[in-house]
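Once you have looked at the hints, place chain H on chain Z.
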Amino acid sequence: MSYVHFPVIAVMTLFMGAFLTVVLGKHSRAVRSFLAIAASGIAFVLIAMLVKPVLIDGEIISYWMGNWNPVNGYAIGIGYEVDQLGMFFALLVVSTILLSAVYSLRYIERDSSQEFYYVLFLMLSGSVLGLVLTGDVFNMFIMIEIMTFTAVGLTAFRNTGFGSVEAAFKYLVIGSIGSSFTLFGIAILYGQCHTLNMAQLSAMLSGNHSPATLMAFALMFTGLAVKSYIVPFHTPAADAYTTAPSSISMVFSGMVNKAGVYGIIRLVYIIFRTMDIPAVQTLMVIFGAVTMFIGVTMALAQHDFKRLLAFHSISQIGYVITAVGLCTSLGLTGGLFHAMNHTLFKGLLFLCAGAVLRATGTTNLDQLGGLSKKMPATTVCFLIGAFSISGLPPFNGFASKWLVYQAAYDKAVTTGNFLYVFVTIVALIVSVMTLASFIKVTQAAFFGQLPERLKDVEEVPFLMQLPMWIMSALCVLSGVFYNFVDKYLLVPAVSAALGVSRYIDSMMGSGYAAEKCVTDIQASGVHFSYWNPMVWLALFVIVLCAACLCILTSKGSRGEILEGDGEDGKYATFFSGEKALPSHVGGSDLFWGFKTDWKGYFNIMEGLHSGVVNDYALYVVAAAAIVVVFTFMFMR
Amino acid sequence: MMLVNYIASVILVVLGLYTIITKKNLIKIVLGMGIVDYGINLFIVSTGYNDGGTAPIYNMTELVSGAYFVDPVPQALTLTSIVIGACVDAMALSLVIKLYRQYKTVDASEIRRLRG
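So the protein sequences, as listed, match chains Z and H.
Every letter in the first sequence is one number past the one before it in numbering that gives the first Met the number 0, and letter 450, counting from 1, is 449.
Every letter in the second sequence is one number past the one before it in numbering that gives the first Met the number 0, and letter 27, counting from 1, is 26.
Hint data in this document are derived by calculation from the structure and do not stem from the laboratory.
Don't take every hint at face value.
Said to hold, decoys possible - Rough simulated footprint, nothing fancy, chain Z against chain H, three-plus residues with beta-carbon under 8 angstroms:
id, region
1, 28-35
2, 59-70
3, 79-85
Stated by the list, open to error - These stretches of chain H come out as covered by chain Z in the derived footprint (C-beta under 8 angstroms, 3 or more residues):
id, region
4, 16-25
5, 49-56
6, 101-115
What the hints assert, rightly or not - Partner residues aside, some chain Z positions facing chain H, computed with beta carbon under 8 angstroms:
id, residue
7, Val151
8, Ala166
9, Ala186
Treat the numbers as computed from the prediction; the structure is a model and nothing was measured.
Cβ atoms here follow ideal geometry from the backbone N, Cα and C, with glycine treated the same way.
For reference, chain Z alone in the conformation it holds in the complex:
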């Protein structure tokens, strides 16, 4: 029974690693590298050893710090509770930490003050791991605060660079407003229920909402939404992902915003158990759909590699929130699967961007080009990531996006609500736009002509390639062997999210949930028929072959091949090879036609992303006000 201690030891190992790094790692690079790898490796092994008891045997680990067990049905200690949902996110977190630590070894070797990088990195890792494993709302708040601090510190790590301090300041202001809302909500909850334990709160609040707890719900929902960077709280995320070191951008998009998503799932499904109220579903689905759309359209307008990826990251979180907000087991499966896939492919893409930055010294798409000849490994990894995020079969993005469409459409059919039809269409359009903008990045950075300036570019070292290859492999494997992922990760996590009474019983003693009349959430459990990605791949290949055959046999229609004339040559393929069309389209403006058509929309959007921190704070407060009003109007 010794494994009940593993979650706490894993969190403590990371924090101890941070402490030891600051004490011992100042002078020796070998020592701090060893400490970082050892701490993240130990955390990974400890969490991996919990896979069998938690995910396969279906046990829920409950752990009271200092053995302060509940007295007379009241939780008095701080509890850690590892259920399948927390375990699912913990696996994502530890994998991200380990891969990012390996990548960092070579990636930051040219920076100064490396020991502080590792201190902040390990503290960030420990706080996110603690957040997904804890069973106490105030402990969750503490972890959120540590996460925000260290994330701000890491954003400003290269503080001589372009705009990184500015991004850090905006992140801190917006992030601390979010934390304050969360804390206010927790304080109201404590005043009402006199407990901070999630399981006991869930037992007390289930179906029993007073105006005070509704206010707490609205505030905590807003606070956690700020941490998951859904629109309109996304503004600091776009800046921070752009200016942070790429290994940290990967951590941000792989686990920091997942922590927010986890918090929202925990909040709506377990703590308040409000997910079966249609108003909450509507709220989350609208937030998700708006996030998807605004994220992807903003990404189309970007000229910077990492800022573009940042907006895609925001957009993909919209998919997760939408799918989770549907409150069907299919939607929850799709949402969690997409959260996992987003960690894999977006982490991979950020690592590729980091490789490009390290090799060329820039992430401006206008100055890049033709890197496929110089950096073949990075190009292959980037293409795998781009195919995954665009949802091409048989990569993992296809599998999860398909589930999201299916779930949204299914919800539309069962409820007859037009909103869900609309959301399905938005999700499809967003996927197409994602593919479009990745065609642009691929063409602008990796294909076409190599600029004169980048003649001496070299491929990144093996230690940086290793995490990229591992993530590429995972992207393909989780797409092809989706049924293993489903059986061992998603089904347990979904049943844990819906099984409120099991969560309460394992923490507070069996029978506690029944005593407080808590019932599990009845998600309309459509048993879904899976797609088969290999069939889609076959169809894809057949269509491709047919298209090639048509092009090759009809000689007359082939246009003249455009000579590579300078910078414009790399876009020749997009003008059908016609020589007569001189293009004045800039390197990253492949979709200028689309942007011109939607000029009004893009002008408004660029005006809204003004860069002034007061405006960003205003969006957060206004959205919080809307959520509060919505909650009081529709949830009572």
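Relative to the frame of chain Z, chain H by itself:
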């Protein structure tokens, strides 16, 4: 009985948010963040107050079921929250110093290299 405290704390939070939204000076924005924290701290410590209760310091023999004391948990939470608030302010101010060195201004409407 704690109504005045609750109203005061909400007023403090709203004033703090108002400061963050309307003031262009970065130092004032940081002060606004501080005021939000103080409002919330006041709220938390007020939720644990029992009128006429004693300090929550007992040993096991003195602790009987009729003992009437203020709730110690919110006080612990408030202390934690105060520490966190102080850290936020210190970190934000250090970032403001860095920003001033890079941009030669503390006006939020001029610190906008990252936009669009």
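request  = Confirm or reject the coverage of the region 101-115 of chain H by chain Z under the rule of 3 or more residues with a beta carbon closer than 8 angstroms to the chain's beta carbons.
outcome  = With 10 residues close enough to chain Z, the hint holds.
request  = Apply the coverage criterion to the region 16-25 of chain H and chain Z: a residue qualifies when its Cβ sits closer than 8 angstroms to a Cβ of the chain, and three qualifying residues are needed.
outcome  = holds (count 7)
inquiry  = A closest beta-carbon separation below 8 angstroms is what the hint needs, so does Ala166 (chain Z) meet it against chain H?
reply    = holds, 6 angstroms
Given coverage of the region 59-70 of chain H by chain Z, tested with a Cβ cutoff of 8 angstroms and a minimum of 3 residues = It is violated, with 1 qualifying residues against the three required.
ask   = Three or more residues of the region 49-56 of chain H near chain Z by CB distance under 8 angstroms?
value = violated (count 0)
query = With a Cβ-Cβ cutoff of 8 angstroms, does the region 79-85 of chain H contain at least three residues near chain Z?
reply = holds (count 3)
Claimed coverage, the region 28-35 of chain H by chain Z - three or more beta carbons nearer than 8 angstroms = holds (count 3)
ask   = Holds or violated: is there a CB of chain H closer than 8 angstroms to the CB of Val151 (chain Z)?
value = holds, 7 angstroms
inquiry  = Restraint: Ala186 (chain Z) near chain H, CB-CB cut 8 angstroms. Satisfied or not?
reply    = It holds, given that the least Cβ distance between Ala186 (chain Z) and chain H is near 4 angstroms, below 8 angstroms.
The structure fails to meet hints 2 and 5 from the earlier list, while all remaining hints are met.
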